[in-house]
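Residues per chain, in single letters:
6 protein chains.
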Amino acid sequence: MSEQTLDDDAMRRFPVPDFDDIPEDLQARIAEETERAGFTPNVFSAFAYKPSHFRAFFDYHDALVEDTALDRDEVEMIVVAVSGVNHCYYCNVAHGALLRIYSKNPKLADQLVANYRQADVSERQLVMLDVAVKLTEEPAKVTERDIEDLREVGYSEEAIWDIASVTAFFNLSNRMAMFADMRPNDEFHGMARAKRE
Amino acid sequence: MSEQTLDDDAMRRFPVPDFDDIPEDLQARIAEETERAGFTPNVFSAFAYKPSHFRAFFDYHDALVEDTALDRDEVEMIVVAVSGVNHCYYCNVAHGALLRIYSKNPKLADQLVANYRQADVSERQLVMLDVAVKLTEEPAKVTERDIEDLREVGYSEEAIWDIASVTAFFNLSNRMAMFADMRPNDEFHGMARAKRE
Amino acid sequence: MSEQTLDDDAMRRFPVPDFDDIPEDLQARIAEETERAGFTPNVFSAFAYKPSHFRAFFDYHDALVEDTALDRDEVEMIVVAVSGVNHCYYCNVAHGALLRIYSKNPKLADQLVANYRQADVSERQLVMLDVAVKLTEEPAKVTERDIEDLREVGYSEEAIWDIASVTAFFNLSNRMAMFADMRPNDEFHGMARAKRE
Amino acid sequence: MSEQTLDDDAMRRFPVPDFDDIPEDLQARIAEETERAGFTPNVFSAFAYKPSHFRAFFDYHDALVEDTALDRDEVEMIVVAVSGVNHCYYCNVAHGALLRIYSKNPKLADQLVANYRQADVSERQLVMLDVAVKLTEEPAKVTERDIEDLREVGYSEEAIWDIASVTAFFNLSNRMAMFADMRPNDEFHGMARAKRE
Amino acid sequence: MSEQTLDDDAMRRFPVPDFDDIPEDLQARIAEETERAGFTPNVFSAFAYKPSHFRAFFDYHDALVEDTALDRDEVEMIVVAVSGVNHCYYCNVAHGALLRIYSKNPKLADQLVANYRQADVSERQLVMLDVAVKLTEEPAKVTERDIEDLREVGYSEEAIWDIASVTAFFNLSNRMAMFADMRPNDEFHGMARAKRE
Amino acid sequence: MSEQTLDDDAMRRFPVPDFDDIPEDLQARIAEETERAGFTPNVFSAFAYKPSHFRAFFDYHDALVEDTALDRDEVEMIVVAVSGVNHCYYCNVAHGALLRIYSKNPKLADQLVANYRQADVSERQLVMLDVAVKLTEEPAKVTERDIEDLREVGYSEEAIWDIASVTAFFNLSNRMAMFADMRPNDEFHGMARAKRE
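Chains as they are written, first to last, in the numbering used here: chain A, 1 to 197; chain B, 1001 to 1197; chain C, 2001 to 2197; chain D, 3001 to 3197; chain E, 4001 to 4197; chain F, 5001 to 5197.
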């Protein structure tokens, strides 16, 4: 663990702490994440600035991806469509990479960053993204009709809750990343861009 | 604990579970909250729908109010100003009540729900609310200049992080409350409206 | 009448005149209003700044509430929904109090200030508020279709004219109150908040 | 008076009454206006639909143009700039004609309908229009700074009140004209378009 | 040709060149245009600032009006509706004049500058303008549904392409005219305002 | 030339013609472009639908990149920032690739698609992008002040015209690509993503 470092340029508006100075549970989580990814995603380095928020943020994130009625790639579709609408550089790029991995589609992230209405998604997923983007852009205009639209294309009650939850969480996440000026790791930009069979 | 119940009308778009059916840690947290407030705030009944999200949501919330460089009433000022801009009925009313309590000002919540620019806050708090509302309404337009504005009126680096964190979290919270159509308890509407000396 | 005064803090961007210095017809109207309400609503003190406008403003207002095909509480529902959307502190609070009185519902004003879509109103009133808010936010997009929607839920031709008139007048009123920074009387904030049987 | 008529096509969403059926005070006012203009401006025919509103509307209007600290052409500049921003066909055309008459400038109305920032107005009037348009488009964002800007270019306190009042009134007027689909008389479109020396 | 000049006030943010200094092909085009119109429309004087752009701009414009599946007046309807929404003074006035000529309707341009929804156009043209304005204001929200709407009212595939092309081109043209502060010739303001039989 | 084809999926809302059926000058231009790029960019296949527009579109484009006072990479910076704001999938991806090539920076396009305010550009280029994005989003608000800002950071008069021209042209281009649902070639997505020394 002695070689683990956090990138000073992970964010530009707050100082990134030294790995050796952060609490052990954060060190452990970062080490694990680093091993899995092959590098330390900058969002971990950035949130290490405030350990109590680091724990809360990643616990919420983990709940969203581990206890969900949605497919793993659908979660990332929502994340990228929401981040595209909010114009979040960090999330576009980091979650764009994840989406390319989970969907095995090297173009889907670029589509969703631009405009989910032109993306190669199913009719059902299009309704999901309609609601996620509406909840992002004009939450006060969401009505029972939107929930019914999701039900009609087959999403379960719990999946509908999860769609809202992922959307809501990335409205938090985008704002933290943009406020702190978080920078995606170089690795994310080019990851999983080759076509997979 | 046998008499504890959750209000069926706590939210209108998802079923509120029976108190007896939810995990023990949620029961404990709700019992504690109920004892403190004298009633069960409906956001607890609503989030009990999905225990993993209940835990994540309240842990994040607790971190924001317990480990903060902001004054307790400043946290609620941000919450109410952000919720006013997002048009969130639940948060306007429930956090409006908290703000009346913490600020000892019976009019401040109505002011912030309407328009923070007309509220009786200090010059320094006005800058805080300028940034919180900008991060809510047009996060992509936040620049280094906004951070400097906060620094110039005396907010510490950590306080600036906390201003962003509270703002970001209630952009999550508002969206969950509006999507689920959460309803504030009757008690919140009239709470702490008398003038305090 | 010698004890009648106008609150210096009724508005913050123009001077409030002395009661003794204003024309007699204004004095009479203010005295009458004060007797009815038990205090002088600050909008009277503020408009006394310019007597010709005082007369025109309250005459228009009186026509709207005295010669109308709408129920009295429906008029106030429109006022509060429009003021909520325009973010007018004075009108939210003063007309929120009136709405609590006329509707005998202590929560309705808080709902309409936040988001009429989550308010406890009838289906018919929801259509009325849809049109009032559309005419407020994007008047150029109102079409024949909106008028037909009102007709279909049973509003008479005159009631439809009145819905537009109340909406239009409070688009005037909100702007004057916000421009002059009018402040609602303390009394309005807490008025009629107890449940009525 | 027997030949006076009201144009059936003065508005398209409510019936225009017969001249003979409206109250005498409305008949007198309309006759007077008709004599002055050479034709009956359609806004009179339209508001005759509801006499109590006719009286209130024109009394307010008269107060704004008769008891004002602004120059007569400045009043119409505000009206046309506000109506242009609100996209009101009736007011653009009818008040465009008035502005051409009062300003003796045949191009100013077309400029203000399009974009007051490109109009041939003085620096001082540009500030006036900046505030009028801001109060129209985003009234919640008006602050003390805007009032100071007006003061700095020399507008008196009463003139500042009047700028707000004209702006606010035409936010009412535009909405009534657009909702009722009022149609400007043919005469207004071409009136006063020749250059005056 | 020796008397041909370009108006120095054709635009205000870049210098208008001397007619004698511009390339011969531009001189020829301008001479031809001047002969046709009786004066030199200022857009020619303005674009002469950069000859390569002059050629590209007018070639594109010519393709749009010469090789089109739309009626000539429909092209100008789109231009004026789009320019009205974009608030372009030059295009409102210059193309407003053209529309009055081609449509033989002296009021249509004032209607479309204000609000195409109140204009005297056919049902079919209303759908055309719905799509043109949507593509102008929120291009990301255009979907297959909009294309189908055009098809259903009878526009051919090529006409649909042309509707988009005229709209897109005037989103270019409006921006150049507004950026350079181009000024419509005096002649355009009053042209073709008399009723034609 | 017999092997040249146009991709049927170059756009989804209009048919792509057969290469053999299009005019010779289009064939020549496409062949040349194909040889240079190694593939036929889909915008050529799409615009071949209407040859007169194909010629006008690419002539304007060529003028913008061949006769310019801007650096080649600055042109593409504007294109990508404007396309990001307009949410144009085709232009984000195709011009993102060009920008990576011209700037030799594999991350700049992802930054500008998201938010030019977080991009690694010079202070001077930031002002250029401020104006390009303002001219895209709210062209009516551009004033002399914006032109002065560009002048102050050193852009020549002609460069300022060119900044506006590139911005205006891609407001056309984005709208055509989005309306026709043009699809970027697979090759563009991954092109030039490796770091260059």
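Hints listed in this document are in silico derivations from the structure and should not be mistaken for laboratory results. Fair warning: this is a prediction, and the values are worked out from it, not measured in the lab. There's no promise every hint is true.
To be verified - SDA-like, lysine to any residue: derived pairs with alpha carbons at most 25 Å apart: (1) E:K4141 - F:V5133; (2) E:K4195 - D:G3190; (3) A:K134 - B:G1038; (4) E:K4141 - F:A5140; (5) D:K3134 - F:D5149; (6) C:K2134 - C:R2193; (7) B:K1141 - D:R3145; (8) D:K3141 - D:Q3125; (9) D:K3141 - D:E3157; (10) A:K141 - C:A2069; (11) F:K5141 - D:Q3125; (12) A:K104 - F:V5133; (13) F:K5134 - E:R4012; (14) E:K4195 - E:L4126; (15) C:K2134 - E:V4133; (16) B:K1141 - D:K3134; (17) B:K1134 - F:T5143; (18) F:K5134 - D:G3190; (19) E:K4141 - C:D2130; (20) F:K5141 - D:G3190; (21) D:K3141 - D:V3153; (22) B:K1195 - C:A2192; (23) E:K4195 - D:Q3125; (24) B:K1134 - B:D1149; (25) C:K2141 - E:E4144; (26) C:K2141 - E:R4012; (27) F:K5104 - D:E3157; (28) C:K2141 - A:V133; (29) E:K4141 - C:E2123; (30) A:K141 - C:A2140; (31) D:K3134 - B:R1193; (32) C:K2141 - E:V4133; (33) A:K134 - C:E2123; (34) B:K1134 - B:E1144; (35) A:K134 - E:E4123; (36) B:K1195 - C:D2130; (37) C:K2104 - B:R1193; (38) A:K195 - F:K5141; (39) F:K5141 - B:T1143.
Do the hints match the structure? See the list:
1. E:K4141 - F:V5133: Judged against 25 Å, a Cα distance of about 19 Å means the pair holds.
2. E:K4195 - D:G3190: holds, 10 Å
3. A:K134 - B:G1038: violated, 36 Å
4. E:K4141 - F:A5140: holds, 22 Å
5. D:K3134 - F:D5149: Distance ~23 Å between D:K3134 and F:D5149 Cα, so the pair holds.
6. C:K2134 - C:R2193: Given that 25 Å is the threshold and the Cα spacing comes to 29 Å, the pair is violated.
7. B:K1141 - D:R3145: Roughly 21 Å between the alpha carbons, so the hint for B:K1141 and D:R3145 holds.
8. D:K3141 - D:Q3125: Roughly 20 Å between the alpha carbons, so the hint for D:K3141 and D:Q3125 holds.
9. D:K3141 - D:E3157: holds, 20 Å
10. A:K141 - C:A2069: With a Cα-Cα distance of about 29 Å, the restraint between A:K141 and C:A2069 is violated, given a limit of 25 Å.
11. F:K5141 - D:Q3125: holds, 17 Å
12. A:K104 - F:V5133: violated, 34 Å
13. F:K5134 - E:R4012: Holds. F:K5134 to E:R4012 sits at ~19 Å (cutoff 25 Å).
14. E:K4195 - E:L4126: holds, 23 Å
15. C:K2134 - E:V4133: holds, 18 Å
16. B:K1141 - D:K3134: holds, 20 Å
17. B:K1134 - F:T5143: holds, 23 Å
18. F:K5134 - D:G3190: Distance of about 35 Å is beyond 25 Å: violated.
19. E:K4141 - C:D2130: OK: E:K4141 and C:D2130 at ~22 Å, within 25 Å.
20. F:K5141 - D:G3190: violated, 29 Å
21. D:K3141 - D:V3153: holds, 20 Å
22. B:K1195 - C:A2192: Holds. B:K1195 to C:A2192 sits at ~16 Å (cutoff 25 Å).
23. E:K4195 - D:Q3125: violated, 35 Å
24. B:K1134 - B:D1149: Holds, because 13 Å separates the two Cα atoms, which is no more than 25 Å.
25. C:K2141 - E:E4144: holds, 22 Å
26. C:K2141 - E:R4012: violated, 34 Å
27. F:K5104 - D:E3157: violated, 58 Å
28. C:K2141 - A:V133: holds, 22 Å
29. E:K4141 - C:E2123: violated, 29 Å
30. A:K141 - C:A2140: holds, 19 Å
31. D:K3134 - B:R1193: violated, 34 Å
32. C:K2141 - E:V4133: At roughly 12 Å apart (the allowed maximum being 25 Å), E:V4133 and C:K2141 satisfy the hint.
33. A:K134 - C:E2123: holds, 23 Å
34. B:K1134 - B:E1144: holds, 13 Å
35. A:K134 - E:E4123: Given that 25 Å is the threshold and the Cα spacing comes to 30 Å, the pair is violated.
36. B:K1195 - C:D2130: Violated, at about 36 Å.
37. C:K2104 - B:R1193: It holds: about 19 Å lies between the C-alpha atoms, which stays within 25 Å.
38. A:K195 - F:K5141: violated, 44 Å
39. F:K5141 - B:T1143: holds, 20 Å
Hints 3, 6, 10, 12, 18, 20, 23, 26, 27, 29, 31, 35, 36 and 38 from the earlier list are contradicted by this structure; the remaining hints agree with it.
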